[in-house]
Amino acid sequence: VSLSSLVWFCEEAKRNQILKKKRKKIPNIIFKFESPKNPRFFNRFSQSSRGLRARTLHAMGDFNLALVIVAIVVCVVVFISSIYLLVNYQHPDDANQAYFPKFVVVFGLSIAMISILMLPADVANRHACRHSIYNGACNLTLPMKDLWLAVYIVDAVLVFFIIPFAMFFYEGDQDKTLGKRIKSALIWVVTTAVVCALVLGILYGVIGKVDFSVRHLSSATTSFPTSWQFSNTQPCIGNTARQCSAYTANATSEKTWTMRTTFPEYVVALATIVGSVLFTIFGGVGIACLPLGLITAFIRRPKAVITRSQYIKEATELGKKARELKKAADALHQEERSGAKGRKWRKNVKAVEKA
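Each residue of the sequence shown is one higher than the last, beginning at 1 in full-length UniProt numbering.
Hint data in this document are derived by calculation from the structure and do not stem from the laboratory. Heads up, some of the hints might be wrong.
What the hints assert, rightly or not - Dumping the calculated EDC-like pairs for lysine to aspartate or glutamate here, alpha-carbon to alpha-carbon at most 20 Å:
no.	residue 1	residue 2
1	LYS209	GLU254
2	LYS209	GLU265
3	LYS313	ASP330
4	LYS145	ASP155
5	LYS102	ASP146
Model, not experiment: these values are computed from the prediction.
Required output: the full structure, derived from the provided sequences and hints.
As structure tokens, this is what we get:
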């Protein structure tokens, strides 16, 4: 028998002896709890117990409902912010066209921001069952593990399939028909998918495992006592210090358990690692280049105000170049009418090209 089982058994025996002594002294009070001789009190006690559980579940339901409402509002705000970023920073030539790539951009930005906001949502969701007295309270909260997997799997699908298809479709030859552009984009996406599937499958077979450092937990055995008369001088278990063998074991007793993880969790872990490395590289380069770009833009900024003399000088030079260009263009027009394209014609062509 293990030490913990013996302690529990001794505590139960001691509690039963105390209850027997109390029943001899005040039998009516004790038996009111064990048998419903007082139905009104018994019913009131049972109703209060059920009411406590119901109030706990009701409070948790209110908290989860508030969290769901906040999550929906945040998702809507994120989606609107992504649309604003696209509309505000898009090129003027891309207005009112290419709606599918724009939808992919908005959806990708929204998923990227939501994946960051999942962390505070997870923390808030865990607070729903921290101080609850109901044992199954944490099972009534939001399924954050499934939500984490869904968000990161959608990220992977966007990166490896949807975004490449949108890029190949939008950047393809505009002279081709819609069917040919879709076919060309699908060929590239299928090729990318095959390569990614091979890489993921090979890596999952080789390194798709998780290692856990464990130590064997055990305790010494103690025989049950033959006498059940307990007192302060004769306890069930002596006051000597006892501890599990794992605390006194050598460091060499540590072992490593190797388990194969599930494929969705493996994809999430691999995407997180690759994303962290790429973010470190490109984020570091971007942060370093940001001040350089701002300084260069400040140096090359357009002059807002010029003096009157500078304006007259620039206008005179522009007028002179315009007259020369008009003269050369007129000469080319006359030579084309006459059909003679000699040395003078080539000279005028070069003058127009320089202008």
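Non-conforming hints, listed in increasing numerical order
The structure breaks hints 3 and 5; every other hint is satisfied.
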